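Novice: Chain by chain, the residues run as shown.
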Amino acid sequence: MMAIYRVGIVGIWVLALGMVQMAAVSAGRSSTEETPRHIIIRVDGASCPFCAFGLEKRIGRLDGVANVRLEMKEGKVIVTLEEGATVSEEALRRAVDEAGFTPREIVYPDSP
Amino acid sequence: MSTRLKSRGCAVWAGSVVAWLAGGAIVIADLDRVEAGPITFNSALPVPQGVFIFRGQAILSRSTDDSSTMDRDRKVLTIPAVFAYGVTRDFAVFGIVPYHEKRLELTTSSGRVRRGDSGVGDSTFLVRYTLLAIDRLGDTRRFAPFVGLKAPTGDDDQVDGLGRLPQPLQLGSGSWDPIAGTSFTWQTFDWEFDAAVQYRVNTEANNFEFGDQARADASFQYRLWPPTLGSGVPTFFYGVIESNLVYAGKNTVEGVSDPNSGGITWLLAPGLQYVTRRVVLEAIVQIPVVQDLNGTALERDYIVRGGFRVNF
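Those sequence lines, one after another, are chains W and V.
0 is the number of the first residue of the first sequence in numbering that gives the first Met the number 0; add one for each residue after it.
0 is the number of the first residue of the second sequence in numbering that gives the first Met the number 0; add one for each residue after it.
Bound conformation, chain V alone (with noise of 0.2 Å):
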């Protein structure tokens, strides 16, 4: 592969891998939880014996703060779909496919250029176990541990008119990628708080290997409506506002570490929640509040999300 890109050796395609390795591609857009709970991460709520859970997604993630010279306007469209299954009433499986459209536009020696690719992404494969489970009457506190697998389902070999896309433009990374962490929740009947960490180690593929990353999220939900439980099982709505800290370390190319990439983001995301016995709808904006990225790296402007989730 290093031969490969040797090859191109066109100062146009060279120049895009900087910018683009300058940019830094730090991936916010986890989606492995599919019970109500808060929307950008895990929760600790139980997937019942027998039932299976679908999730739909849209995030819409924008770049163009730039520190660089090359004016980057990055945009991410990512549209997950996630399985969950509740093996026992303590074991539950989980399995995350995404559709990626990936969009890089920057300015170059050569003018400006556009990169990128859409499809299928890496899929993720987790598994959870509730070790702690603390239920009394309108209230539930649980603890769940997990681990998981990210698998390399995602094309990492796209080329286009100027050559190979960057590692981070293509739609896979080429490496398994282990993934651990723990959530906890305690949800009453007027509101829910979760938390959770997950540390995922990024190996390599393609002579690039993309910065570990670890991750600190919280999540407050409060029941806006109904103000008062009536009888049988009423619809709730809530108002939601989650904290995602994200660490993430610096990107190697061929054995050497991109002093543009990595660092550390911290977001802040109002959304709403609609709740069903059936059905979630939800919507999410994630704010950055703090982006202390290294060097160039560019840094988001916001992440969108929208989307729902079905139990059967």
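Next up, chain W with everything else stripped away, as it sits in the complex (with noise of 0.2 Å):
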């Protein structure tokens, strides 16, 4: 009878250990997503689809970018970076500059 109380105390404490691990990853898969980090290029010298292909190509590859968005009317490139990535500008304007087009300012957008 004892045995089979320790084997049940010891299944609720894994369990209970389980739930709260879930939890926790949960808690940071939301503060994540919470917390999008987004630089906008403004761009010019695109102004037709099928030129956006290159300059989204040549962004994406930069370490630590997740997403690349061209709103091309705009002339804006929104930058979406991985969770506690950098890019430097310097990098960007050299990205702009070999798909073949001219970088203009570079704004943030989450900064205080």
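Worth flagging that the hints you see were computed from the coordinates, not collected in a lab.
Treat the numbers as computed from the prediction; the structure is a model and nothing was measured.
Check each hint, because a few of them may be wrong.
[Claimed, not checked] Sample of chain W residues facing chain V (criterion: CB under 7 Å; computed from the structure):
id, residue
1, Asp43
2, Gly44
3, Ser46
4, Pro48
5, Ala51
6, Phe52
7, Gly53
8, Leu69
9, Met71
10, Lys72
11, Gly74
12, Asp96
13, Glu97
14, Ala98
15, Thr101
[As the list claims (entries may be wrong)] The list that follows gives simulated cross-link-like pairs (lysine to any residue, SDA-like), each with its CA atoms no further than 20 Å apart:
id, chain 1, residue 1, chain 2, residue 2
16, W, Lys75, V, Thr187
17, W, Lys56, V, Phe311
18, W, Lys56, V, Phe51
19, W, Lys56, V, Val278
20, W, Lys72, V, Trp185
21, W, Lys72, V, Thr234
22, W, Lys72, V, Leu136
23, W, Lys72, V, Pro233
24, W, Lys75, V, Gly229
25, W, Lys72, V, Ile133
26, W, Lys75, V, Ser230
27, W, Lys72, V, Ser230
28, W, Lys72, V, Arg135
29, W, Lys72, V, Gly229
30, W, Lys56, V, Pro233
31, W, Lys75, V, Leu228
32, W, Lys56, V, Phe82
33, W, Lys75, V, Asp138
34, W, Lys75, V, Asp189
35, W, Lys56, V, Val309
36, W, Lys56, V, Thr234
37, W, Lys72, V, Arg222
38, W, Lys56, V, Thr275
39, W, Lys56, V, Gly231
40, W, Lys72, V, Asp138
The C-beta atom is built at its ideal place from N, Cα and C for all residues, glycine as well.
Put the two chains together into one complex; each comes in its own frame, and the hints tell you how they fit.
Specialist: Okay, structure coming up:
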């Protein structure tokens, strides 16, 4: 009887610990999704859809870049960084230049 | 080669050669541009560094307007494969490898004959450098000269039942021919204008030399859809009108100028383009407006093109 009781107690503890672990991971994931980091690059010269691919490809290859989205009408490239990652302005400007276009100002909309 | 030609000696072959030479051959199937832009010639739009672009096209040319008595009917199908790569933002390289199907029917003293061949033709390699780029929001203007070389990768000594095919019916010329030109592009969100000039020096091979070719091209593309730009990168649908002015010098056979070759052709071409960030689909019809060809050179009826471009 005591053995069954001890097994039960251990099992409850294991279950409780597992639930706490899952809660911690879930909280961490939520906090990541709630704090995306964006950089906006103003770009001149990208005036047709076929030209957009090269721009997105060059910037997307940079370390730390999670996503690239071009707003062609506004001449803006919206870069989403990976959590904890940084990308230098020099690298971003070079990527735009290598794509064949002209980088203008760089804006950090998430900055306080 | 001269001796081999003379050894054929049959009237049908000789008649075919003369007939073909009389038909002339103005090669207008230039295809060495891959970016979104004009369909029939070069643009100055950038090939981004590290980006590879592939272009495929089918070009059908038909020529039946014959001022001679031979009732010639020439049909040429060309399927070029074009590869482009951006080495740097300003320097791009291009390679064009075409597949040809050439057919000529004509009436000779021996009756109606048909000659031709099919296979890989001469390849062309080009390098282009952007000398000037002026970028603004939704607006870019580019100026980019280019040079290249046509290499004799196509067969140039094919024979059929009537003997050696005339040089213009061969898949290749056998010659190395340098090319030089320059292109200009002005592209906005709503329209694009392109212009280019090009000169090719045709050199001699097999005792035959095509006349040099000079061309001046222009294109205007107007965005038909969407009527206004939305967010992101929308798909564009363009209406296109292009102009091709081509001058071809007279061919030379064994040092003798052929009076029935070469001349000036001006074509106008309405077309359509569907452009996304990864793919371009396009089609165009080139219609001769002016053909001032020498002697009894065979005049072209039309050229139809359809194709696609993909970037990687």
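Novice: The structure should be examined with respect to each hint, and the outcome stated for every one.
Specialist: Here is what the structure says about each hint:
no.	hint	verdict
1	Asp43	holds (4 Å)
2	Gly44	holds (3 Å)
3	Ser46	holds (5 Å)
4	Pro48	holds (5 Å)
5	Ala51	holds (5 Å)
6	Phe52	holds (5 Å)
7	Gly53	holds (3 Å)
8	Leu69	holds (5 Å)
9	Met71	holds (5 Å)
10	Lys72	holds (4 Å)
11	Gly74	holds (4 Å)
12	Asp96	holds (6 Å)
13	Glu97	holds (4 Å)
14	Ala98	holds (4 Å)
15	Thr101	holds (4 Å)
16	W/Lys75 / V/Thr187	holds (16 Å)
17	W/Lys56 / V/Phe311	holds (9 Å)
18	W/Lys56 / V/Phe51	holds (11 Å)
19	W/Lys56 / V/Val278	holds (15 Å)
20	W/Lys72 / V/Trp185	holds (17 Å)
21	W/Lys72 / V/Thr234	holds (12 Å)
22	W/Lys72 / V/Leu136	holds (8 Å)
23	W/Lys72 / V/Pro233	holds (9 Å)
24	W/Lys75 / V/Gly229	holds (13 Å)
25	W/Lys72 / V/Ile133	holds (18 Å)
26	W/Lys75 / V/Ser230	holds (11 Å)
27	W/Lys72 / V/Ser230	holds (7 Å)
28	W/Lys72 / V/Arg135	holds (12 Å)
29	W/Lys72 / V/Gly229	holds (7 Å)
30	W/Lys56 / V/Pro233	holds (17 Å)
31	W/Lys75 / V/Leu228	holds (14 Å)
32	W/Lys56 / V/Phe82	holds (18 Å)
33	W/Lys75 / V/Asp138	holds (14 Å)
34	W/Lys75 / V/Asp189	holds (18 Å)
35	W/Lys56 / V/Val309	holds (14 Å)
36	W/Lys56 / V/Thr234	holds (18 Å)
37	W/Lys72 / V/Arg222	holds (14 Å)
38	W/Lys56 / V/Thr275	holds (15 Å)
39	W/Lys56 / V/Gly231	holds (15 Å)
40	W/Lys72 / V/Asp138	holds (11 Å)
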